[in-house]
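Visitor: Listed in order, the protein sequences are those of chains W and C.
For the first sequence, the tail end lands on 135 under my numbering, and the numbers increase by one without skipping.
For the second sequence, the tail end lands on 1141 under my numbering, and the numbers increase by one without skipping.
Please keep in mind that the hints were generated in silico from the structure rather than gathered at the bench.
A couple of the hints might just be wrong.
Derived pair list, reagent style DSS-like, types lysine-lysine, alpha-carbon separation capped at 25 Å [said to hold, decoys possible]: (1) W/Lys107 / C/Lys1111; (2) C/Lys1103 / W/Lys101; (3) W/Lys101 / C/Lys1111.
Part of the chain W face toward chain C, derived, beta carbon under 8 Å [what the hints assert, rightly or not]: (4) Trp63; (5) Ile70; (6) Met73; (7) Val74; (8) Ala104; (9) Lys107; (10) Asn111; (11) Gly115; (12) Leu116; (13) Ala122; (14) Ser123.
Built from N, CA and C at the ideal position, the CB exists for glycine as well.
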Amino acid sequence: MITLLLAKISFIIPSFFGAVDCSADPPGTSFLSIPHWWKYLPLEPDGAGGCAPHAINLPDDLWAIGLAIIDIMVRLAGIAVVFFIIYASISYIISQGNAEKTTAARKRITNSLIGLGVVLVASVFVAFIGNTIGK
Amino acid sequence: MASFLVLAILVAPSLTLAVNSGPCHPENNNPPGTALSPEDLKNCLDCNGHPNPTPESLNECLNGNPIVRDLNKIVNFLSAGVGIVVIGMIILGGIQYMAAGDKVEAITSAKKRITNALIALLAFIFMFAFLQWLIPGGIFR
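Here chain C stands alone, though its shape is the one from the complex (with noise of 0.2 Å):
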């Protein structure tokens, strides 16, 4: 129940596209993201009312979805600051490393630091491979 809910309030706005009535109704026996048929969509309208709507231009209504655009910026924008502030944590363990002297568990709090940064590395790259297998086109572009 609690993932059909999930579904109906995120899914089925961004992907059946302001169907309006017939086979296009998601109520209509049409469970949302199943694909139609041709002759199904040809009585379909797309996100901007036109009729007949084409794969391409589906795909643009997806892409213009307010939701869609606003996490593939977010997205973009977080992905392209791992590697530095991965690095980041890394030179701050390496000074913190130099700073330790003799103590053997300052050496260890730096160790820790540096070993947490390369992970977070690791969780991001196998993170990437996943979501970009998962989601049909990518979702990092």
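So here's chain W without its partners, still in its complex pose (with noise of 0.2 Å):
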């Protein structure tokens, strides 16, 4: 019991316990999962138990960050469609069978996905474009 609370204890507070990697951009470090914008380029530890870039040539660095900037849009394209799908079920409840209204509601709701659908297709489409004329 004591050495999971301390397993516990040391994953959150990792510098008291040793050095804190900072390889990658560490998990669990950020609001609603959503990367940093630091997360391409080469971290170093800040000696307050983060990760924090060492420094930042522009403009070799400009597109390690506009990479993260897409991760983040990815994300927070995500938490969107959860929003607006709820928004507009609660509309499509709310329409009482008014035709009209029902069908601007299931319009929403279609878009809403296909939107979903635009983020996801084009981040693997242009990764997959990205990794075979890089190589």
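Please dock the two separately framed chains into a single complex, following the hints provided.
Guide: Here you go:
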């Protein structure tokens, strides 16, 4: 029991129990699992138990930051589609059988799902093209 | 006339490579960019002042030329960003599609954004192929 507790504490406060591994953006350190904008930059321990970029060389690191911003946008789109679908469902409920309002709500739901599909297909498609051309 | 001026300003300094005199000089029946015979090349100097330049040293001079070197830097930087910008625009269009609701004109603008991003990607791919075919050695390294 005590070892389990210690393991939990060491997971929460890693700086007390050893060096922080900054080879990748450490998981569980960001809000709503949205990645940091410095995710693809070379990271170093910042002394407070986290990781921070050591130095930013512009313009060479600009595209690394852009890639992280795209990651953030994909996560934000995933969060946004939930809210749009909930909003459309509520408007479906309160339409009370009004034909115009129900079709509008149904269109709302399909459009938000189409938007989610566009976001997912875009990320997969362009990653595929980038991998095949970049080699 | 205009094209000759462009050649003289842009191409001649990078291709004729600081030739000194005789057949090396561009004014002595050697239009810029034409290949010299090996006998003629022996009397020439490359950009560092060394005699008897080889094709390798001439290529080195060409790549060390400030115009070519900086052009390569800029082209590599910008072509690395094309994919990132295009995917960002498509994702922005997807979010716009989600937020459009049941408004037709909002959906049209989102679709327009996505198709324009795809057209830009297509234009870059064709430009890549064309420049790789046009420029000896290729500009994208």
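Visitor: If a hint holds in the structure, say so; if it does not, say that too.
Guide: Hints, one by one, checked against the model:
no., hint, verdict
1, W/Lys107 / C/Lys1111, "holds, 16 Å"
2, C/Lys1103 / W/Lys101, "holds, 13 Å"
3, W/Lys101 / C/Lys1111, "holds, 24 Å"
4, Trp63, "holds, 5 Å"
5, Ile70, "holds, 5 Å"
6, Met73, "holds, 5 Å"
7, Val74, "holds, 6 Å"
8, Ala104, "holds, 4 Å"
9, Lys107, "holds, 4 Å"
10, Asn111, "holds, 5 Å"
11, Gly115, "holds, 3 Å"
12, Leu116, "holds, 7 Å"
13, Ala122, "holds, 4 Å"
14, Ser123, "holds, 6 Å"
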